[in-house]
Amino acid sequence: MHVVTEVCLDDVDGVVLSESVGADRVELCAGLVEGGTTPSIGTVAAVLARVSRIGVQVMIRPRGGGFAYSPAEVDVMLADIAAVRALPVPPGVAVGFVLGALTPDGALDEPVLARLVEACGGAPVTMHKAFDTLADLPDALERLVGLGFTRVLTSGGARTCAEGAPMLAALVEQAAGRIGVLAGGGVRAHNVAELVRRTGVQEVHFRASVPVAPAASASGVSYETGPRLVTAAGPVRDVLAALERDGG
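Under full-length UniProt numbering, the residue at position 129 of the sequence shown is numbered 129, and the numbers go up by one with no gaps.
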């Protein structure tokens, strides 16, 4: 069984690198320190101009913070989806979207989600980890199936996939191929094979970043608060190798 690998990143060069070492898909974001926000249309265009095979899932999230959105914010999300869909896409590259919306009391905002999925025009759509904040994950999974989502990114309602493994396994069984269960949260080379064995997930999502020291400042004035993170080949290769050794 091939386990699909998805690298979460915010750098164009990291997408090219991830494709070159064999990852299947990327989740393209900005603002990863806030859990991921919508990348600029220029970033998406630059990525699509440089890839030939890897799947590109674009985060649609207009801001950090919670997941309950005003009508104006929903309009922003719809406009971002339309802008991405208008870009030229290389043959062989699948472009999709990662999104979510909740009501102020923390339930799925099904009317908003239905509008967003419809706007995606049949492209693959992932429900992001707002899913893990919900009170009843099995019920939410059924609702996402009904809304037409392709997959859900989840750590089983826990801080990490290792902690949420029993729920992940239950969601995989419940999904029964109707919707993908993408395991994300603390997935690393040392634990990915065991996670797949314990849960039956067929898709995994992970960061593959290393720190880069802040640039020097000639004046002593700096707007960098510490090292920034960039995608590196080593962590991607390590996850792929771990899955290969385990037959995935």
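Among these hints, one or two may not hold up.
[As the list claims (entries may be wrong)] Listed next, with one range per pair, are the computed distances between beta-carbon atoms:
#	residue 1	residue 2	range
1	Glu118	Pro214	39 to 47 Å
2	Gly220	Asp105	44 to 52 Å
3	Ala241	Arg63	18 to 26 Å
4	Glu118	Ala72	16 to 24 Å
Hints are computed from structural coordinates only; laboratory data are not their basis. Computed from a prediction, not measured in an experiment: that's the story for all the values here. Quick reminder that beta carbons are idealized off the backbone N, C-alpha and C, glycines included.
Kindly confirm whether 39 to 47 Å is satisfied by the beta carbon distance between Glu118 and Pro214.
-> Given range 39 to 47 Å: holds, Cβ gap about 43 Å.
Do the Cβ positions of Glu118 and Ala72 conform to the proposed distance bound of 16 to 24 Å?
-> holds (19 Å)
Assessment of proposed distance window 18 to 26 Å (beta carbons of Ala241, Arg63) | violated (37 Å)
Cβ-Cβ distance between Gly220 and Asp105: within 44 to 52 Å?
-> holds (48 Å)
Violation of the numbered hints given earlier is confined to hint 3; every other hint is satisfied by the structure.
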